[in-house]
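Colleague: Each chain, letter by letter, is given below.
There are 4 protein chains.
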Amino acid sequence: MSDRWSTSRLEAFSDGVFAIAITLLILEISVPDSGFEDLWGGIADQWPSYLAYATSFITIGGMWIAHHGIFRRLASADAMVMSLNILLLMLVSFLPFPTKLMAEAIDITTDAERAAVIFYGLVLLAISVVTSVLWRYAAGHPDLIEPGVGDEEVRAIATLATPRIGFIVAVVLLAFIAPQIAAFGYLLIAVIALFRQHGDTRPAPA
Amino acid sequence: MSDRWSTSRLEAFSDGVFAIAITLLILEISVPDSGFEDLWGGIADQWPSYLAYATSFITIGGMWIAHHGIFRRLASADAMVMSLNILLLMLVSFLPFPTKLMAEAIDITTDAERAAVIFYGLVLLAISVVTSVLWRYAAGHPDLIEPGVGDEEVRAIATLATPRIGFIVAVVLLAFIAPQIAAFGYLLIAVIALFRQHGDTRPAPA
Amino acid sequence: MSDRWSTSRLEAFSDGVFAIAITLLILEISVPDSGFEDLWGGIADQWPSYLAYATSFITIGGMWIAHHGIFRRLASADAMVMSLNILLLMLVSFLPFPTKLMAEAIDITTDAERAAVIFYGLVLLAISVVTSVLWRYAAGHPDLIEPGVGDEEVRAIATLATPRIGFIVAVVLLAFIAPQIAAFGYLLIAVIALFRQHGDTRPAPA
Amino acid sequence: MSDRWSTSRLEAFSDGVFAIAITLLILEISVPDSGFEDLWGGIADQWPSYLAYATSFITIGGMWIAHHGIFRRLASADAMVMSLNILLLMLVSFLPFPTKLMAEAIDITTDAERAAVIFYGLVLLAISVVTSVLWRYAAGHPDLIEPGVGDEEVRAIATLATPRIGFIVAVVLLAFIAPQIAAFGYLLIAVIALFRQHGDTRPAPA
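Residue numbers (our numbering), protein chains in the order written: chain L, 1 to 206; chain S, 1001 to 1206; chain G, 2001 to 2206; chain W, 3001 to 3206.
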């Protein structure tokens, strides 16, 4: 009796959840009725929504690439991988909520900004930690790993897949003092993480 | 003339519906305007929404795994399987509505809580019953089953795929007395069902 | 130079649109705040929403099966098939709007009911006509059809794929006199169309 | 070490985002409560929403075909292609927001119409420019292109994939004078672009 799962349907289902979560983000952006009197002004006033949209879009896009990078190196999934993956998807699907809060809170009061920006950062942190735990668990079970994946590559992915836990903590701490600057910090982390993923390539078979 | 359908497109379509239903759940969570005055308090006040979100996310995730477990054992689908599957998807897609009701009703009045929690349980019950009927129907038609699937495995899946009808009934009854505790009961059932699915593995071909 | 397209990506994209449209329907159902004072009553009062939900869910489910039945018989798609398919998807994606209108209008005034139920029927009619035109166009271009599909099968699908245009017209006319009964008529048409699709099976290769 | 990505998962993920963005458009259309007193009038009053819906649906549908046309000619994706693709998806997913603004602004004031129609056009322009840059970048890197794709075909796609940047600029300029006419101009551009995509066919291997 095998207690292993094929990863192909797991990946297809996860891809669906990532694609939907990333596309739903736009539903939260709108201009209030009063904004139509001076619509260019009304559009400009929504800048925190655009910032939050871009940040979460690039974050989820980067997470999708990281997820893809992990699962194409797995030969199969066991019960722990399945559970960690459901937890990861639950956190990624949750991100539109703190995204909306951050977009609404910016420019209300500094207290609301601080709470929303820190809450957003804590969800980012949870996503990063679960991703990291998922890969480290798999790395510790060589029977789950695709045959061609060497030790060095496993370590390289561990570094890549760990999406900047330290940077996120630093930005969360910054949010206590300057929440608006911290909000831009998340965007910067997302862009850097996206570009770093580009380095994640499997060596072509010789 | 064959009256059989290939299951691959059926599975892909069903996967899409599961992935969308699970990701839409977040759209129902928001903090009212008054919550932004004390945003940490406003975020904390939404705890019934987080409970309902986690419960429905894990329930649908577990249902997806159960659905996958059933359909990869089917060689083909007949008219009855098609109809039961549409009915099952209709109930799974319906779950975001009682999820929203439960999240809104908790902490309003005990009467509202009781109605919402029982209504949620009845939808869970309907999902479980239809899933069970679907598998029992297939199990009774050996020509629908993949050649390699033995009688013992069919019975094991019948047990696994029956998602705790008795437990759901018990929690629904509990909801008459203590609806808030019953709401946590659904979460517990979902988590247990998810872990039990992990045992659903086809023996590797010898 | 070929002016033909492979149908596989067309089908995958169409499947996505069908799956999303069918799952979005639930977002329109909610109980107003006043309904929480007597929540069982509030839930019961939403019956027009459940009727509209079930009707549109089964209609789109049946349309998806019909769409699948058409495209698996096409060897390739030309410019006309592409355009008719985009038009068909646009109409299917539009259905959640008249669904919402019908759910809201029932039990307001008979005038509003009549308008909403007729409008819903006209959209159904447009979907049926475009589906029928799509298949008849393909049937008239033998080079688009899969080699193994015989004349008799083409005619049988023409009958199946024409989703009851006469019945829809009859129910739309009925809506002028008795709109609520006509609303149930659409549900009946959807259920019958779903079961008739079950007869759509390609003969297995001999 | 290769720094190349397979394009198949990239395409599947992009298809998901296109399918979701196109189907979400309908969520923004509704008839206000006051419209139910004379529901045919209320439905008719929503014409700007139908115009915006059809325009964005056909635009995204055409973009999906163009995207498909580009990626099936790519043998692999490098870091730049990945980044440009994420940027393109972010802009396509953003389109429902200016769609909603345009639908709401038409028939409010000419100032609001002008702002909304120009804003919509600027997003269209950004989508077209990024698509064009993406293909031109790939065209300049022969190692990314599928072996069978000739120079002439690369140039033909460059022309096709450039979705009428000049026409969009002209309509944006028209919007300064006559925004309602310009809104219909976008629909015309979308329909023409859709039909021009039909000419995008790879020569069958001889």
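No lab work stands behind these hints, which were simulated from the structure alone. No residue lacks a Cβ here, since even glycine has one placed at the ideal position from N, Cα and C. One should not assume that every hint holds.
Examples of chain S residues toward chain G, derived with CB under 7 Å [to be verified]:
#1 1009
#2 1021
#3 1097
#4 1115
Colleague: Evaluate each hint against the coordinates.
Modeller: Okay, the hints, checked on the actual structure:
With a least beta-carbon distance of about 6 Å to chain G, the hint placing residue 1009(S) at the interface is held under the 7 Å criterion. About 5 Å separates the beta-carbon of residue 1021(S) from the nearest beta-carbon of chain G, less than 7 Å, and the hint is met. Checking residue 1097(S) against chain G by beta carbon gives a least distance of about 5 Å; that is within 7 Å, so the hint holds. Annotation: residue 1115(S) was flagged as interfacial toward chain G, and the flag holds, the nearest CB pair being 4 Å apart, inside 7 Å.
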